Amino acid sequence: MDIKQWKAKNNNRRNYAHFDNRISLGDVWSYINNPKNIEKHSFYPFIHYIQTFNKYTKNKGLVTKERELCYSAHIDRCIFQLYGYKLNQLYNLRVEQDGIGKSAIAYRDNLGKNNIHFAKQAIDYIREKESCFIIIGDFTKFFDNLDHKYLKKMLVDLLEIVELPSDYYAVYKNITKFSTWDLKSILDINGLPESNDGIKKLNKLERALSLDQFKKYKKLNVKKNDQKHGIPQGSPISAVLSNIYMLEFDKILNDFICHRDGLYMRYCDDFLIVLPKSSKDVFKEHFSIINNIIKSTPKLNLQPDKSQVFRFKDNSIINCNNLVLEGIENGKNFLNYLGFTFDGSLVAIRDKTISKYYYRMYRKLKTVEKNHGRSKYGHKISCNNIYEKYSIKGANVGKGNFISYVRRAEIIFGKNEAINRATKNHMQKIRRRLNFVK
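So for the sequence shown, full-length UniProt numbering puts the first residue at 1; every next one is plus one.
Incorrect hints may have been included.
Cross-link-like lysine-lysine pairs, in silico, DSSO-like; alpha carbons within 27 angstroms at most [unchecked claim]:
(1) K356 with K306
(2) K204 with K184
(3) K332 with K415
(4) K352 with K332
(5) K153 with K102
Worth flagging that the hints you see were computed from the coordinates, not collected in a lab. What you are looking at is a predicted structure, and each value in this text was computed from that prediction instead of being measured.
Model the full assembly from the supplied sequences, consistent with the hints where possible.
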């Protein structure tokens, strides 16, 4: 994608309120496209908040998870977007030169594929092998642990220079030594509750704080990242920086795996490795080498409780964690990858994904039932919104819905898989609940 196409695609203003006014790339193009301006640009603090979400597991029940996210001021977003684009173009060239274009697959704008294609690619490869070992891994607090010194080294290497140019250094400095201002504090200053309603009201303001409020409360509320590691998750440049950080790792690991006729794929902090034709002893040796490659990259640590080891043989998936993962018991005999499960025979959409779809649908239906199909003003609630969000009737409306995703997956994987098994009766389930309130 050339820069004109990229600019046109990303030229929309964002709806959220921040410390500056809402702007588009086009509004500030001449400013952000001048390196001299970036060298001396004063970046605003990120607005920081903790996203909470519930995950259900059969062992632990309902568990509340937290994820720290940050979003940048509008002018800063435009700068991060432009420099992210520039770096991504160089990154795309580099991965092809290094022979890892099909291995590093996250956040790539030139592949024309999505998670469904990548999952199918991995599962097709496993099926081609009569016998193989499979490793699915996850890195601990990936964005929080990126080492600043090593990131700078990899940026310099990608740009093929000795030192970062002043404008690139300014961007690097402000994404590593970033400062944050908690969303809760901003809501408090505006007299708004810490709730979705409060956030909606905040985002209707021209600015999150007036200039006077910003100056008055800045010293008390702004926190700087004084650590020598970590970048904010959620900024427009964080994704490409994480990929650049992993360039050397991806090259070394991919070469090692390919020399053994295997497959390596990494999607952000999740990776999959397939090693065919290995005995248990040989696989143990290979796993030890892989572990050493991981440890050789600064601040990169394998998360044991999210890592799984399998053997594929005779069209069956067998979990064998205890072969190489110390203290980790063997799990279920199917693998999860990029939202899909594979038991050696059939592919299906991951149970957690299906559960989330039905949980949201039933929660909406429960609200309708609770109010006997009437709004708080006594009007009859239209069912169109429910059908549009959760049924096949909304699959072709706008960007589509979850059923659209199921249909795309079924087309890509083929109808012989179990892709739509869990959703094929969704219309009957919706109608049954809605008939109850008529």
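Here's how the hints hold up against the structure:
| no. | hint | verdict |
| --- | --- | --- |
| 1 | K356 with K306 | holds, 20 angstroms |
| 2 | K204 with K184 | holds, 16 angstroms |
| 3 | K332 with K415 | holds, 25 angstroms |
| 4 | K352 with K332 | holds, 15 angstroms |
| 5 | K153 with K102 | holds, 24 angstroms |
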